[in-house]
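Q: In the order they appear, the protein sequences are chains U and E.
Everything in the first sequence is counted per the working numbering, starting at 302 for the first residue and increasing by one.
Everything in the second sequence is counted per the working numbering, starting at 302 for the first residue and increasing by one.
Pulled a few chain U residues facing chain E out of the computed Cβ check, cut under 7 angstroms:
id, residue
1, Pro364
2, Leu371
3, Ser396
Residues of chain E placed beyond 12 angstroms of chain U at every Cβ, according to the derived structure:
id, residue
4, Asp469
5, Val486
6, Ser495
7, Thr537
8, Ala564
9, Glu573
10, Asp576
11, Ala644
Incomplete in silico selection of chain E near chain U, CB under 7 angstroms:
id, residue
12, Arg377
13, Ile378
14, Ala381
15, Leu382
16, Ser396
Honestly, the hints are just simulated from the structure, not real lab data.
Since we're looking at a predicted model, the values are computed, not measured.
Beta carbons: idealized from backbone N, C-alpha and C, even for Gly.
There are 2 protein chains.
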Amino acid sequence: MSRIVVQKFGGSSVADVEKIKKVAAKVKARRDEGWQVVVVVSAMGDTTDELLALAKKVSPNPPRRELDMLLTCGERISMALMSMALQEQGVEAISFTGSQSGIITDTAHSQARIIEVKPARIEEELGKGKVVIVAGYQGVSKAREVTTLGRGGSDTSAVALAAALSADCEIYSDVDGVFTADPRVVPSAQKLESLTHEEMQELASAGAKVLNAQAVEFAREKGIVIHARSTHTAGTGTAIQSRSGGGRVKGVTCEKDVWVLAASGAPDALLELLDAQAVKGRNLLFDEAGRTLVVVPTQDLHGPEALKAKLPAGVTVLDGCATVTCVGTGLNSDWTVARKAHATARGLGAKVAATYTSALQLTLVVEHQQVTALTKALHEALIG
Amino acid sequence: MSRIVVQKFGGSSVADVEKIKKVAAKVKARRDEGWQVVVVVSAMGDTTDELLALAKKVSPNPPRRELDMLLTCGERISMALMSMALQEQGVEAISFTGSQSGIITDTAHSQARIIEVKPARIEEELGKGKVVIVAGYQGVSKAREVTTLGRGGSDTSAVALAAALSADCEIYSDVDGVFTADPRVVPSAQKLESLTHEEMQELASAGAKVLNAQAVEFAREKGIVIHARSTHTAGTGTAIQSRSGGGRVKGVTCEKDVWVLAASGAPDALLELLDAQAVKGRNLLFDEAGRTLVVVPTQDLHGPEALKAKLPAGVTVLDGCATVTCVGTGLNSDWTVARKAHATARGLGAKVAATYTSALQLTLVVEHQQVTALTKALHEALIG
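Please work from the sequences and hints to get the whole structure.
A: See the structure below:
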């Protein structure tokens with residue numbers, strides 16, 4: 302029996318009809334090598350943002366259940382067109398929604414988590430020799446409600462399917478793999494041959510756009526190796542796996558727009574509010590004044606202005622912040638990296654509002670306008 | 302218990318965000334009168350055509366199963382936005398896909414027929430006091446495949462739901478009701494207070510765009526009265542019901558672009574081909590040369606050029622034709638109408654390629670360029 306590969310193509314890889322045809326040719330080539338291929342697609346280009354803008358015109362704070370109904374159309378359009386493109390190239394293909402693919406999630410609209418994958422229909426169609434196209438980013442709850450997995454959720458769809466099908470997992474984008482920093486910010490950034498799931502998780506949750514953090518967590522749990530590759534070139538990309546070599550600091554990344562919510566006294570009311578709004582704070586920490594700080598990327602806030610209006614007493618918002626994060630296994634086993642990082646920030650005159658470290662990362666919270674210079678300087682100082 | 306009404310709004314009634322908000326206000330007003338409301342929506346404006354154009358760029362003859370996956374996004378976008386608009390106006394609402402609404406169809410992709418409606422989820426939400434928004438034009442087969450009901454299928458969705466819910470049925474469009482002819486073609490056309498289901502079926506299948514023929518057939522079978530009304534005004538519109546008054550000829554309508562497929566000898570091979578392609582011929586007749594003629598609206602042909610290439614020997618195509626149809630109960634009980642119609646055509650110098658009549662209609666097949674003048678002249682001669 303031939304092996305199965307799950308190939309995920311992001312929005313910019315399927316942004317128009319010509320690009321869809323090119324991806325179809327790439328998929329066909331893989332199938333012609335004897336592989337059974339499952340293709341996971343995102344929405345075309347800016348479709349998701351356009352649908353979101355339409356929703357905002359109707360309602361400044363649209364109900365999430367309806368937003369999920371709306372946004373899932375994006376992937377559905379891509380998958381149908383991809384299937385047509387493959388069939389036009391003589392490859393038998395069939396597209397499935399998240400629901401038809403058996404991707405069962407919890408009921409948290411807009412940020413659902415996959416709880417089970419029942420790929421019976423996919424396996425049946427693969428068995429008939431078809432390429433199966435799956436709409437990324439979406440699933441269905443046990444109450445048969447359509448859900449979405451949050452931004453970048455198509456990566457999670459791909460990993461979950463690879464795990465359920467015991468398949469290889471390849472995630473394609475416009476870049477050659479995972480870099481030590483965003484090459485647009487740090488021109489000297491280098492491609493990594495490999496890194497660990499944990500390192501990738503930290504990079505992704507600290508702002509690196511190349512792979513989705515939940516997807517990597519899923520891959521780690523299931524022991525799946527993710528190959529991050531370029532849609533346009535034939536390189537081997539970067540392998541995200543359980544072990545990796547190389548230096549201590551694997552990458553430097555930043556999140557350019559975050560809120561820091563600071564609660565003086567007991568933070569329970571704040572945490573309860575965030576929980577009710579399904580806002581997943583990236584980090585929780587305590588600053589020198591004894592306040593609890595929650596750092597949240599602004600894009601993860603649903604209706605930021607509405608949230609501001611509901612904030613409990615004693616909670617203040619620092620908006621216009623940014624984070625710069627260094628990622629590497631064992632970063633907190635000594636203080637070398639932390640000392641170098643603070644010295645670098647001081648050298649730039651960047652005021653550090655808060656710092657936090659874990660076994661895998663060190664993050665500095667700074668003002669928005671410092672973020673690019675500090676990212677470059679930390680890359681230079683810690684990776685070179 | 303309050304009564305249920307199913308209100309269907311077509312594509313031009315929900316063409317943009319402002320129009321969606323206006324329809325939401327209209328729905329809210331009805332609900333505030335104490336009705337339980339189910340809203341069936343079509344795709345916004347030209348969305349379906351735009352999606353179809355996208356598909357044609359990928360494949361000149363896209364597979365219908367994938368086309369259904371693609372096109373159903375149109376109604377899904379509308380329904381989510383309509384639900385958001387209602388909630389924004391303080392009305393509790395929830396949207397359902399065809400599948401979630403329990404609209405079960407056969408497996409004929411792109412021209413599926415509804416075989417059963419199981420509105421349990423709709424009834425449950427109505428019971429909670431919510432307005433339920435349903436995506437028109439779509440259903441799901443027993444094999445859980447997404448299907449569409451063909452152009453105008455949202456009307457069918459509305460009627461089927463009204464039947465299943467024992468509800469009133471109102472179909473809204475940009476016009477005040479059903480007219481004796483298209484007012485853009487015949488300025489003297491008058492609005493009808495009522496007509497029978499059978500008369501409406503004939504008008505619709507002969508090209509009148511106001512209501513879908515399958516929808517009217519469904520309403521007739523189930524004994525549902527359809528109220529065709531304007532989205533923009535408060536008139537009572539036209540009732541389509543089991544009995545009607547008025548003169549013998551109720552309306553004159555035309556289909557501007559049809560193919561006449563002519564088979565000399567046994568027509569079996571032609572019919573088999575049309576059957577395999579799920580092309581529903583509008584009429585089958587025999588001309589004076591003993592040929593079998595099948596008249597098909599060009600828009601119902603899937604890949605006309607591909608079909609031409611496959612035509613069996615002995616079959617010729619007359620394209621560039623048009624039909625003009627007079628509708629009224631008992632039209633063939635004497636020859637008055639037929640004689641007047643032929644005299645009218647002769648007076649215009651229009652060559653009649655074929656004629657056919659039934660209990661409810663009389664149709665002339667003419668060349669495309671004669672269609673407008675003949676429609677006007679027949680309306681003048683038979684209705685006034």
